[in-house]
Amino acid sequence: MATDAMAPITSASTPKIKSELLQQRVRAARWFLVPMLIALAIVAGWPLMRSIWFSFTDATLNDLYGAEWVGFGNYLRWQVLESGTVRYRGVLADPDWWNAVWNTVRFAFWSVLWETVLGMIVALVLNAEFRGRGIVRAAILIPWAIPTIVSARMWGWMLNDQFGIINDLGMKLGLLAAPVAWTASADTAMTAVLIVDIWKTTPFMALLILAGLQMIPKDIYEAAEIDGVHPVKQFFKITLPLVRPALMVAIIFRVLDALRIFDLIYVLTPNSRSTKTMSVLAQENLFQFNNFAEGSTQSTLLFLLIAIFTILYIWLGKVNFEGGDR
Amino acid sequence: MKLKTLLVSMMASVTLVAGAAQAAELSIVSGDTGNGLAFLRSQLDRFEAETGHTVTVVPMPSSTTDQFGQYRLWLAAGNTDIDVYQTDVIWAPQLADQFLDLTEAAADVVDQHFPSIIESQTVDGKLVALPAFTDAPALYYRKDLLEKYGKEVPTTWSELEATAKEIMDAERAAGNSEMWGFVFQGNAYEGLTCDALEWVVSNGGGQIVEPDGTISINNEQAAAAIDRAAGWVGTIAPEGVLGYMEEESRGVWQLGNAVFHRNWPYAYSLGNGDDSAVKGLFDVAPLPMGDGEGARSAATLGGWNVAVSKYSQDPEAAIELAKFLASADVQKERALSQSNLPTIEALYDDADIAAAQPIIPNWKEIFQNAVPRPSAPTKTDYNEVSSLFWSAVHDTLSGNGSAAENLEILEADLQDLKGDAW
Amino acid sequence: MGTTFDLWKFTKSAAFYALVLFIVVVSVFPFYYAILTSLKSGTDLFRVTYWPTSLSFDNFRQVFTQGAFPRNLLNSVFVATVTVILALFLAVTASFALSRVRFRGRGLLLMTILAVSMFPQIAVLAGLFEVIRFLGIYNTPWALIFAYTIFTLPFTVWVLTTFMRDLPVEIEEAAIVDGATPWVIITQVFMPLMWPALVTTGLLAFIAAWNEFLFALTFTVSNETRTVPVAIALLSGGSQYEIPWGIIMAASVVVTVPLVALVLVFQRKIVSGLTAGGVKG
Amino acid sequence: MASIELRNIRKSFGAVNVIKGVDLEVRKGEFMVFVGPSGCGKSTLLRLISGLEDITSGEMLFDGKVVNALTPSKRGIAMVFQSYALYPHMTVYENMAFGLKLEKGHSKEAIRQRVEKAADMLQIRQYLDRLPKQLSGGQRQRVAIGRAITRDPKVFLFDEPLSNLDAALRVATRIEIAKLHEGMHDVTMIYVTHDQVEAMTLADRICVLRDGLVEQVGTPMELYEKPDSIFVAGFIGSPKMNFLTGEKAAAFNCTTLGIRGEHMLVKPDGIWEGEVIHTENLGADTYVYLEMGQEEPIVVRLEGAMQHPSGSKLRVSPMEDRIHRFDEAGKPIR
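Protein chains in written order, with the numbering used here: chain A, 1 to 326; chain B, 1 to 422; chain C, 1 to 281; chain D, 1 to 334.
Everything labelled a hint here was simulated from the structure, so no lab data went into it. This one's a predicted model, so the numbers in the text were calculated from it and none came from an experiment. Errors might be hidden in some of the hints.
[Claimed, not checked] Derived lysine to aspartate or glutamate pairs resembling EDC-like cross-links, with alpha carbons at most 16 Å apart:
1. Lys12(C) <-> Glu129(A)
2. Lys279(B) <-> Glu224(C)
3. Lys151(B) <-> Glu161(B)
4. Lys74(D) <-> Glu20(A)
5. Lys310(B) <-> Asp63(A)
6. Lys101(D) <-> Asp152(D)
7. Lys379(B) <-> Asp63(A)
8. Lys133(D) <-> Glu129(A)
9. Lys28(D) <-> Asp63(D)
Whole structure, please, built from the sequences with the hints as guidance.
Here it is, written out as structure tokens:
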């Protein structure tokens with residue numbers, strides 16, 4: 001697919017002359033892209049196709065190779081009972097699935113929103129000149145640096161109602177009247193998961209935004225300073241527009257990650273219905289229950305949902321694909 | 001001493017004759033933990049010396065969910081790198097297709113084990129795993145507190161409720177504000193299936209799915225049992241119990257903040273550790289029973305087994321290893337050093353064990369009340385059945401609907417899952 | 001210090017440092033608490049304290065004696081380093097092609113690469129397992145390095161493409177006039193200009209690879225090939241249900257320290273901001 | 001040392017034709033300036049010569065050889081960019097040496113000598129160890145020129161090199177470039193600008209471009225004195241040539257009459273009368289703007305400082321031998 005697409009745009013209008021420079025560049029581009037594409041095709045393409053294929057079969061993990069084609073049955077199938085009522089089955093008719101969709105979307109929205117805002121604040125702070133900046137920069141990366149399985153357990157421990165330090169702290173500071181069983185109660189489980197995810201992932205955002213901030217030429221600010229532009233206005237008129245490309249990419253990847261959230265919830269609140277996301281549900285069906293095909297269906301639907309979201313995002317956010325002059 | 005060496009060398013030479021030509025390299029995967037792994041290694045060393053095979057241990061995370069997912073994937077892909085698997089009691093029926101039938105190979109030793117355990121590992125007449133040790137929970141109680149308030153060890157749930165409430169209130173009044181009456185495992189996970197199965201069975205409410213495959217859970221006695229448990233949350237048990245697994249409940253217990261505690265035998269030796277606040281202050285008893293028809297004390301059957309992969313490249317040696325790990329010899333060693341409960345009935349009367357681990361003979365009584373989870377009749381669907389069950393129970397405990405309502409839905413869901421047959 | 005005390009300025013910088021302090025405390029506190037926990041043992045674990053009560057390095061000793069932790073640490077370093085080098089190498093060249101050479105279907109290609117990031121990792125597990133066994137790299141570090149490209153590559157390609165697109169065209173043209181081939185442009189002109197982006201993405205990819213658990217657990221079956229997150233999950237207490245908090249926290253401290261060191265080493269590069277001068281008047 | 005020949009060169013970006021068929025010859029050692037309003041295609045033409053941009057059709061010859069497909073470096077060109085385009089991470093020395101390092105076969109010593117020689121020419125030797133960001137704008141532009149010189153090119157291309165500098169630096173650097181050309185008169189130079197003053201002062205010959213086509217090529221004086229079209233006449237020279245139409249033009253048998261401000265005389269019996277609307281006093285000259293019923297005011301350039309209050313009437317006459325007559329098509333009537 002890639003090699004066909006590689007023909008330079010200009011070649012259509014002039015088949016006869018192709019400059020050495022253009023040829024060199026296109027040839028280089030091809031060589032630069034091929035290894036990456038091969039790597040991705042093997043590491044992602046094949047497994048992806050397998051999963052999608054399984055979603056149209058009755059595969060079980062005990063019998064992967066004897067799976068038979070069932071069409072869209074895993075997605076939606078129906079059965080007309082003798083009384084005439086129609087019974088819908090399949091993932092799309094499963095309330096658990098829609099509950100998971102809702103949890104996932106809710107989680108992704110709030111976590112990315114907070115991470116973006118807090119990440120921006122942290123990045124702006126780190127972009128300022130002050131003493132001990134290096135240490136602070138290392139310090140804020142710590143949450144991101146701790147393996148998820150560990151930080152999830154660590155927070156599970158800290159959020160425990162009896163021996164958790166968060167409850168202890170909350171009570172001592174008078175913020176909580178009684179200890180809260182954060183991860184156990186259906187009302188607070190999502191909050192707990194959000195707190196941990198925001199804590200863990202804000203550094204990722206902050207660092208990407210910081211890299212964007214670093215590429216803004218300083219003299220622009222100097223000029224604004226001389227013109228007496230208020231710092232708040234500077235932020236909205238200069239910083240935000242200039243950091244936007246980096247920010248958009250950071251947000252895309254965060255949202256994609258958030259929509260696929262798995263490990264944190266799997267460790268922190270594995271079975272709580274109020275935090276069960278699509279990935280957790282899919283994992284359960286794929287490996288814990290005997291519903292491999294259903295799990296594949298859920299994975300494929302999750303993929304579709306994310307794809308639709310991404311297309312919308314790119315379309316509405318006007319993310320620039322064709323930038324650059326060459 | 002001399003005799004033993006002689007015996008070992010004789011055995012070794014015998015097996016050498018048979019196996020010298022093909023000293024196999026085996027690997028066993030185990031989710032066992034610290035001491036358990038060390039013990040396993042020591043036994044494997046013995047096995048290596050006796051047979052000339054070499055065995056590598058592949059340790060796995062102690063989370064049984066992680067283990068199960070991995071094993072399924074490996075087995076599904078026909079992984080030849082693992083010969084022997086350590087399996088939870090509930091896995092055998094779900095993984096039956098991928099394990100070798102050990103009926104013939106183990107014909108000589110099967111009779112030594114508790115029949116109920118052998119049964120739990122038999123699927124469609126195929127013995128898929130040999131039991132290595134068993135497990136059954138008990139009621140931990142504070143001797144000192146019961147004495148202080150002149151109470152007996154409760155034998156029914158109602159007694160437990162009353163005693164717990166009374167002591168808790170009194171202790172709190174005395175300034176011990178963190179005291180609770182009863183802690184158990186109320187998180188939505190496999191552990192809750194175990195706890196709730198005990199409540200239901202002890203109340204004469206059946207075993208969720210009966211051995212013949214009938215779905216029995218939607219009955220009044222079962223609903224009453226679960227409703228009763230729901231009444232504990234926030235009264236004699238902390239709200240947080242809804243998020244507790246074994247360790248959290250043990251934490252509360254071991255800080256001296258609970259009168260009663262439901263847990264597995266492992267909490268016994270830890271509770272008697274030097275840094276424990278309840279060291280020497282507690283004892284164990286069979287779990288209480290409910291009331292009504294068929295009420296009895298019930299303890300969910302736990303325990304671990306060894307199974308041989310269908311994809312093993314040296315199945316004979318692998319079977320040999322499995323048999324070794326399930327043998328009376330190893331089980332005795334295990335009981336002595338790990339205080340794991342043997343699956344061989346005779347070992348409960350063993351003098352050495354009684355001397356070294358006095359708790360084990362006690363547990364025989366508890367074990368006799370053991371109830372298997374419905375993994376055998378539900379076969380490959382067990383995990384989903386269990387998940388549906390614990391969700392229904394957890395909902396009830398959290399106050400989302402009454403037990404009767406939730407069990408009715410559960411019955412319908414199970415019926416869907418079952419279809420024509422499990 | 002000026003002769004007059006500027007109250008407004010003082011308040012402003014005081015507020016700024018308060019914010020810095022707050023950010024640091026929130027970031028570090030759980031980690032601090034982990035260290036605190038790692039120094040405790042037994043029933044002490046269940047008691048809330050804010051300051052270290054006892055100093056016992058027993059847990060740290062256990063980390064290094066249980067299993068093959070030092071070996072796992074080395075594996076992690078190897079896997080994460082090679083993953084990052086490979087991802088950056090493939091991504092830098094690919095993003096040059098994607099940001100600087102105009103060809104048909106470029107947008108589609110970028111979308112395709114992004115699509116790889118849209119599939120839940122849990123769902124590719126089974127297929128990936130087949131591929132890895134087919135390639136014969138099962139239970140080697142290469143299996144992990146290979147599998148990790150699934151999340152490091154799309155991410156690095158996208159971020160670097162964005163940054164490379166922002167580099168001035170005239171610098172590239174100057175290099176072309178100087179006779180530089182695309183390879184020379186990438187290595188000698190663009191890469192030095194992209195240090196902040198390279199170090200940042202490299203670091204993020206490194207941490208992602210360093211912390212990955214599920215693939216590592218599935219694609220390795222021996223202590224000698226496993227990485228640190230799996231090793232931590234394998235750290236265990238005396239019995240089945242017992243969770244060895246002290247040891248786990250000690251191990252977490254041990255695995256986090258190299259990352260903090262890495263950040264300290266590279267932090268100059270993260271904020272070098274070289275492009276600011278010289279490109280334009 | 002190269003002559004450059006362009007034969008019917010066309011360039012289009014997609015559907016947009018930017019260069020619509022240019023024929024041009026640049027002689028060896030010549031200083032050629034491309035001027036024209038923005039969007040006329042002058043920069044594109046330069047980039048086509050450099051090889052940075054692909055030619056859509058036509059032929060480009062260097063010393064008689066077709067170079068259409070050759071890369072910039074193989075054409076033996078060097079280029080100075082508007083934004084200098086220095087490599088920010090390299091010192092001045094490294095910037096200047098980069099091209100030579102990439103060409104195989106130069107010893108380190110040889111590279112050093114060539115860089116230093118170029119640095120001496122431009123008086124930037126003391127900056128060789130600095131980074132571009134430590135230099136002023138003018139110094140940076142000299143480094144950019146130095147980088148081009150070091151490569152010892154056959155053709156030297158300048159793309160509006162002075163437009164980022166302030167007025168004083170612009171004049172100084174302009175003189176420097178002129179001196180440079182004198183010092184290397186076997187090197188062909190092509191220089192793009194929109195500023196006709198730069199064009200007039202630097203060029204051996206000027207090529208005026210308009211809308212993708214060559215309007216006229218000639219020496220500055222040829223263009224000044226014999227413009228081939230109203231467009232060229234209006235573009236070259238400062239102040240801009242005055243154009244008169246209607247009766248005033250008809251009196252000279254043409255559609256449009258062009259007359260430069262410096263070619264008008266103020267005299268009481270001048271044939272045209274106008275009202276002074278504005279006066280610009282430049283010290284040496286004075287520009288007087290007259291309203292004469294034409295589209296734009298007529299500018300008269302007078303020597304010395306003169307005072308003509310706004311609102312006063314002034315009579316002027318064109319110098320008869322300096323008038324430019326154009327027909328309906330805008331072509332000169334000679």
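Evaluated hints:
1. Lys12(C) <-> Glu129(A): holds (14 Å)
2. Lys279(B) <-> Glu224(C): Given that 16 Å is the threshold and the Cα spacing comes to 39 Å, the pair is violated.
3. Lys151(B) <-> Glu161(B): holds (12 Å)
4. Lys74(D) <-> Glu20(A): holds (10 Å)
5. Lys310(B) <-> Asp63(A): holds (14 Å)
6. Lys101(D) <-> Asp152(D): holds (13 Å)
7. Lys379(B) <-> Asp63(A): holds (15 Å)
8. Lys133(D) <-> Glu129(A): violated (19 Å)
9. Lys28(D) <-> Asp63(D): holds (9 Å)
Consistency note: the structure conflicts with the earlier hints numbered 2 and 8.
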